[in-house]
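Trainee: Residues per chain, in single letters:
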Amino acid sequence: MTMNERKTIDLEQGWEFMQKGITKLKNILEGLPEPQFSSEDYMMLYTTIYNMCTQKPPHDYSQQLYDKYRESFEEYISSTVLPSIREKHDEFMLRELVKRWSNHKVMVRWLSRFFHYLDRYFIARRSLPPLNEVGLTCFRDLVYTELNGKVRDAVITLIDQEREGEQIDRALLKNVLDIFVEIGMGQMDYYENDFETAMLKDTAAYYSRKASNWILEDSCPDYMLKAEECLKREKDRVSHYLHSSSEPKLLEKVQHELLSVYANQLLEKEHSGCHALLRDDKVEDLSRMFRLFSKIPRGLDPVSNIFKQHVTAEGTALVKLAEDAASNKKAEKRDVVGLQEQVFVRKVIELHDKYLAYVNDCFQNHTLFHKSLKEAFEVFCNKGVAGSSSAELLATFCDNILKKGGSEKLSDEAIEEMLEKVVKLLAYISDKDLFAEFYRKKLARRLLFDKSANDDHERSILTKLKQQCGGQFTSKMEGMVTDLTLARENQTSFEEYLSNNPNANPGIDLTVTVLTTGFWPSYKSFDLNLPAEMVKCVEVFREFYQTKTKHRKLTWIYSLGTCNLLGKFESRTTELIVTTYQASALLLFNSSDRLSYSEIMTQLNLSDDDVVRLLHSLSCAKYKILNKEPNTKTISPTDHFEFNSKFTDKMRRIKIPLPPVDEKKKVIEDVDKDRRYAIDASIVRIMKSRKVLGHQQLVLECVEQLGRMFKVHNTLFSFLFFFFVFVCESFVFLNLTTLALNEMLILQPDFKAIKKRIEDLITRDYLERDKSNPNMFRYLA
Amino acid sequence: MPRASSKRKSSAPQNPPAVKSSNARSAGKAKAKEIENFFDKYANGGIIDPDGIVTLCKDLELEYTDVRILMLAWKLKAVKLGYFTQDEWETGLKTLQVNNLSKLKKAISELEKEVRTPPNFADFYSFAFRYHLTEEKQKNIDIETICELLNLVLGPQFRRQVDLLIDYLKVQSNYKVINLDQWLGIFRFCNEISFPDLENYDETQAWPLILDNFVDWLRENHR
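Top line first, the protein sequences correspond to chains U and F.
The numbers in the UniProt record's numbering rise by one with no breaks, and the one at position 287 of the first sequence is 287.
The numbers in the UniProt record's numbering rise by one with no breaks, and the one at position 205 of the second sequence is 205.
Careful: at least some of the hints might be erroneous.
Here are the computed distance ranges between Cβ atoms for each label pair [claimed, not checked]:
(1) F:135 - U:616: 43 to 53 Å
(2) F:176 - U:751: 15 to 25 Å
(3) F:222 - U:371: 36 to 46 Å
(4) U:324 - F:170: 29 to 39 Å
(5) F:192 - U:387: 32 to 42 Å
Below, a list of computed lysine to aspartate or glutamate pairs in the EDC-like style, where the Cα atoms sit at most 20 Å apart [claimed, not checked]:
(6) U:756 - F:142
(7) F:137 - U:750
(8) F:139 - U:189
(9) U:752 - F:202
(10) U:771 - F:123
(11) U:752 - F:216
Source of the hints: derived by calculation from the structure; they are not laboratory data.
C-beta atoms are modelled at their ideal positions from N, C-alpha and C, and glycine is treated no differently.
Please construct the entire structure, taking both the sequences and the accompanying hints into account.
Mentor: Right under this line is the structure:
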């Protein structure tokens, strides 16, 4: 038929024709025997609509057809669809619903194709919803609205059954829930409001019940296993039939009910809680604990706290162990850092290794746990053992590793590793400056007496210390190491000088080590009366040194020198390696057969302490070079001494050690003094610039300043001369206003110490209290 | 200077000015002479020395260690412990309007009231310390003397605090002497800090360290 010849179709007629098609569709959907639509069928239906819409008024039936379209659905749903669903329940209802929904979608698809022409112009012209939407809305308004409650309950029941372990038809649930999603036609509102909310509520109630039972019956690890399992299953559930947007909300609910609510009870379970797990090294359970608790808000705080307490307790126990062992030691050995303390340091290192591994593995390198570890170590690492501060213990430990014949016998790599760990421990110690001082003293000893085992290791640890604590920390020590190299060069040119100047003849083989004072620890210089032979040496060297430079001051420290003497005993001549002090004493016997204690003391011009020590080493120790009268084990001022010509030993060359004076007290005194100066200088500097300042502000600024590093401002150069141990001292002048300071390293300032210094400065008229406000200070110019 | 003569004479309502001032002058001179005589009674070589003060105390019926003597010293603005110079004596007694023993006795009891008023007391308290610095350039006073002084000067008003503080000072070993700043701090402490709870004591403030230690000691031993 051509357009011109088209006959007008009137509504009744046209609709009757359409109705036939619709009925056919319904039959197909109902599963009745009905042949499929052919393309001709389709064409006819489509064209009918087309014609009826394009006819001239009053025969353009677009509106009516639009309405009838909708009515078709409404009629079908009301008469057939709804009743069929209503008569069923539970799972069967769900199945019916799914089927009917599926059918409906098909129906919508087909009918909207038939009526498609309406979509093209009519709906746009009238701003009406498109056919597709109309169709779905019918279902929503008639079926969904009535039934969604029941559906939801049925779904939730099935979910709970699955949680209890029953098998359910997951595909069915997926289809049902898809309806909730699709019915929103792009919005998730229906899904969320009509299903998700209730589902979450039910989930919460479900797990709340479970948790309240489990928490009473299960141990912490078991509970956590169950929790982890539940979370896994819920996640699984989402991926199988819930909408993906439900996942975070669902998991959050579960975590809340299982973990947040019972967090404390779980962690503090008596025999299986966090403490117990740490105690029993249950690494896997702890890892699980971390995984679970990291998901709940602030969940890790209590865990990291318990971790901190545990590590602190372990560390403190080590301290106590060492203390107890030390108190069983003999009284005389008390001031010497002994084997127990070495063991203690090693154990602390092991403890650190162990729990650092925990932090890295179980606790996945989380900053909170790094912090806990740090704080725990800071607590017990600053407790001393048996009168020795942790700073001293660490320094001694290093010394043992680095010196020849030290107690630690390790391979090169092991040493490197150990040094690395020691430096890490240093980070926890608050008195780092004290460590530096002890370390320096021991380093000096190693360097001056050639006791350093390995130069590379010495440099290596200095590099590590520098990295950790900054250049200021290690500059003096590095200077010391460099000095020795320079000293050797110096010695070479001294020897050249000697060969070029036959007049300058010390008469003895002389080796001298020249060192820079500022780098080395301070040594007291006593005015030892040198034997004549040595005096000549000093002279000769002095002259040589004048040729090198006139700008430097030499101070000789005899207490550090060594001397090789030939002892002409009756049996044989033996070479004795002694200190300069000992040598000076022995040489006295070249001109006197017998000397009293006081004579020796007078002639040497040393203190009682030194004289007692050196005489003891020569007459009461392993090698009796001198005979003592009376022959007791200790030196008293009434003793007399004679050269023991009958002395003999199978070795041709023996070393007679002179035990060093205990440095501990002096080191601590030195450091305390340095700190006082530093605090004074800091206070004065702050007050000078501020003129008037409140107490709390002053203390705060002082603390801030002292936490940083200062530059070394002065050193009068002096040189240390070795061999006959001429060590120079220089005096560091501390001028408070020009701020020449000793190095002040990372110092934990003590508020009381600062207060004390302020009061001292008030007494010395640097500051005064403000008359009207006692909390304010004024600078007194 | 008020004229003592006005108290005695009530006869002539109006003296001609010239007569009046001459009266006044002679009265004033008489007064001064009396004060001088009074001074001489106790003076030895132009100054009242410790012995003189002992005698004075006997006459005043006061113990040598009585706080009122110290108050007298304060009023006299005495400089050297145990001595009153002629100047100090004369100026001080003039201020007190005193020229003989009985008047002095009366004045001293009045004086006590005067001293205990707040602004005066603070000044008196500070004076008490400085007065006891006997050597030149001395800045501190030993603990034992401090304890006695505290008892004397602050005891009546702050008995509890002073007793405990004295106990503490005797057992602690950090400080062997006390300086003026600490001394003044003690006074501030007694005035400002509620006792014995010490609720409002804040050691982060600029209290002298010795008081911080005292508070710690109190908290440890007396709770």
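Trainee: Please go over all the hints and tell whether each is borne out by the structure.
Mentor: How the hints compare with the structure:
1. The hinted range of 43 to 53 Å is satisfied by residue 135 of chain F and residue 616 of chain U, whose Cβ atoms lie roughly 46 Å apart.
2. Checked against the hint of 15 to 25 Å, the pair residue 176 of chain F and residue 751 of chain U passes, with Cβ atoms roughly 23 Å apart.
3. At roughly 39 Å, the beta carbons of residue 222 of chain F and residue 371 of chain U sit within the given window of 36 to 46 Å.
4. With their beta carbons about 36 Å apart, residue 324 of chain U and residue 170 of chain F fall inside the hinted range of 29 to 39 Å.
5. Here the CB-CB span from residue 192 of chain F to residue 387 of chain U is close to 41 Å, well matched to the stated 32 to 42 Å.
6. For the hint linking residue 756 of chain U to residue 142 of chain F, the alpha-carbon distance of about 18 Å falls within 20 Å, and the restraint holds.
7. About 31 Å separates the Cα atoms of residue 137 of chain F and residue 750 of chain U, which puts this hinted pair outside 20 Å; it is violated.
8. This hinted pair does not check out: residue 139 of chain F and residue 189 of chain U have alpha carbons roughly 85 Å apart, beyond 20 Å.
9. Distance check on the hinted pair: residue 752 of chain U and residue 202 of chain F sit about 13 Å apart at the alpha-carbon level, within 20 Å; holds.
10. As the CA atoms of residue 771 of chain U and residue 123 of chain F are separated by approximately 13 Å, the hinted pair is consistent with the 20 Å bound.
11. As the CA atoms of residue 752 of chain U and residue 216 of chain F are separated by approximately 12 Å, the hinted pair is consistent with the 20 Å bound.
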